[in-house]
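K.L.:
The listed protein sequences derive, respectively, from chains A and B.
In this text, residue positions in the first sequence follow this note's numbering: the first is 1, and each later residue adds one.
In this text, residue positions in the second sequence follow this note's numbering: the first is 1, and each later residue adds one.
None of these hints come from the bench; they were simulated from the model.
Think of the CB as a built atom: it goes at the ideal place given N, C-alpha and C, for glycine as much as any other residue.
Fair warning: there could be bad hints in the mix.
To be verified - Here chain B is said to cover these stretches of chain A; the calculated rule only asks that three of the stretch's residues, wherever they fall, bring their Cβ under 8 angstroms from a Cβ of chain B: (1) 57-66; (2) 174-182.
Unchecked claim - Here are the simulated EDC-like cross-link-like pairs (lysine to aspartate or glutamate), alpha carbons at most 16 angstroms apart as the crow flies: (3) K160(A) with E75(A); (4) K187(B) with E75(A); (5) K54(A) with E33(A); (6) K72(A) with E47(B).
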Amino acid sequence: MIWQHCQLDRTVLKSDERLTLLRTEKGVVEIGENTLAVPVKLDDQRKGFVFHGKGKLLLDAIVETEEGAIGKSVEEEISEPFLMLGGTEEMQNRLTEANKEDLMKVGYENEQDLLTKAGDLCNRFFGRTGIHSHRCYDENDGFVFAFPNKSDKLDILVAKGSKLVYKSLGRVFVLNRNEAILKTPDEVAIVGNGKSFVIKKKCC
Amino acid sequence: MSCVGKFIFSVFYLIPIELRQTDVKLRTVKTELLDEIKEEMKKLREEIARLKEQLGDITEEKRRRGRGIYIDIGNHVHDYMGDVMESVAENIHGELEKSIFIGPGGVRIIRGKERPFADEEEAKVNLPKAAQIISALGEEHRLKILNALLSGGKYIDELETLSEITASTLSSHLKVLEEAGLVVQEKVRGRYLITMPGRAAYKMATRITAFIERGDRE
C-alpha cells in the first residue's frame with residue numbers, strides 16, 4: 001500500500017448552480033445551488049472535495065432476471081457533508097469562492113467549523129490512525145463518493161465508466177456492463193450473460 | 001333211462017332249447033345296448049347344439065366389445081378379489097401420509113394429513129397486503145401493463161403505445177402497481193420493470209383464468 005498524506009485546502013468554495021457530479025446509466029450524484037465545497041489534497045494534489053449543502057443521490061440498484069426485477073432505486077437527499085474523489089479539474093472550474101454569508105446559509109458560523117467537519121469525514125474515509133491512512137486513491141480509480149448514513153457509517157459509491165460499486169447499509173450492488181451482483185437483506189442476485197442466479201430469504 | 005338214452009335226450013332235445021334261450025338273451029342285450037347308445041348319441045347331439053349356441057353367444061359378445069376377449073371369471077373369483085382389495089384397504093387405512101396430485105403441471109406430493117399451509121403459512125400472510133396485490137391485479141389496464149412488461153423494461157411512451165392507455169391514466173395505474181410491489185421504476189433511466197412478485201402475480205392471474213375457463217367448458 002502506498003501511504004498518502006491527506007489534507008484539506010483551507011479555501012472554501014461554493015456552487016453557483018445545480019451541478020451534476022456523476023452521471024452514468026445507473027447512477028446520478030448532484031449538488032444544488034450554494035453547496036459548499038472544501039478541496040481535498042492527497043500528497044499536496046487536489047484530488048477531490050468535501051461538499052455540504054443540498055446533495056442528491058439517485059441509483060438504480062436493480063437487477064433484471066428472467067423471473068423479474070430484483071432490488072429498488074436509491075433516492076436520497078444528502079444533507080450531511082459528503083466526500084467526492086475524482087473529476088477535480090472540471091469541478092474546480094465550476095466552483096467559486098464562498099463568503100461568510102454562503103457559510104451561514106448552510107449553517108456554519110465560520111470556515112473552521114466546516115473544515116473540522118470535512119476533516120472528520122476524511123479521517124473516517126481514509127481510516128487514519130496517527131499519521132497513516134489505511135486507504136489510498138488514484139484518479140484511475142474513477143469517482144469515489146462517501147456519504148454518511150443514519151447508522152453513522154459511510155455509504156460508498158465507486159464509478160468508472162460502465163462499472164459501478166455501491167455499498168450501503170445491508171446492500172451491495174456491483175455492476176459491470178451487463179453483469180451485476182445485488183445483495184440486499186432479503187436476497188442475493190447474480191446476473192450475467194443472460195442468466196441469473198437468485199437466492200431469496202423469503203418466497204415471493 | 002339208461003345212460004345212452006340220457007345222452008341222446010340231451011343232444012337232441014335239451015341243447016337246442018338251451019341254445020334258443022341263449023340266442024334270445026343275446027338279442028335282448030343287443031337291443032338294450034342299442035337303446036343306450038341311441039340315448040348317448042341323443043345327449044351328445046344336444047350337448048353339441050348347446051355348445052354351438054354358447055359359441056354363438058361368445059362370438060356375438062366379442063364382436064360387440066370390439067378388440068379383446070371377454071372372460072367371465074365367475075362369482076368366486078370376483079368375490080376373492082373383493083376380499084383382497086378390502087384387506088389391502090384395511091391395511092393402509094391410517095398409514096397413508098401423502099396426498100399425490102397428478103396433473104398437466106406435474107406431480108405434487110403433499111406430506112401429512114392436514115392441508116398444506118392451512119394453519120401456519122396462511123395465518124402468517126399479511127392480509128391487507130394480499131388485498132392490495134389482488135386489488136392491483138383487478139383491473140384490465142393494469143394487467144395489460146404487466147403483460148407489456150413481461151418482455152423487458154419499458155419507458156412510459158412505449159407503455160402508452162403498447163397498452164393503448166393515455167399518459168395520465170397510465171401514470172395512475174403504474175403508481176398502483178408500484179405501491180403493490182409488482183412494478184419498479186428505475187429512477188435514473190425512468191424505465192419501468194416488472195418485479196419477481198409482479199411476474200408471479202401475473203402468472204397466477206392467468207392460471208386462475210385458464211383454470212376457470214377450462215372448468216366452464218367441461
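K.L.:
Hint by hint, say whether it matches the structure.
P.N.:
Hint-by-hint comparison with the structure:
With a cut-off of 8 angstroms between beta carbons, the region 57-66 of chain A has 6 residues touching chain B; three or more are needed, and the interface restraint holds. A count of 0 residues in the region 174-182 of chain A with a Cβ less than 8 angstroms from any Cβ of chain B is obtained; the coverage claim is therefore unmet, three being the minimum. Of the supplied pair hints, the one linking K160(A) and E75(A) is violated, its CA atoms being roughly 20 angstroms apart against a limit of 16 angstroms. Distance check on the hinted pair: K187(B) and E75(A) sit about 8 angstroms apart at the alpha-carbon level, within 16 angstroms; holds.
The suggested pairing of K54(A) with E33(A) holds, with an alpha-carbon distance near 8 angstroms, which does not exceed 16 angstroms. Restraint check for K72(A) and E47(B): not satisfied, since their Cα atoms lie roughly 92 angstroms apart, outside the 16 angstroms limit.
In this structure, the earlier hints numbered 2, 3, 6 are contradicted, and the remaining ones agree with it.
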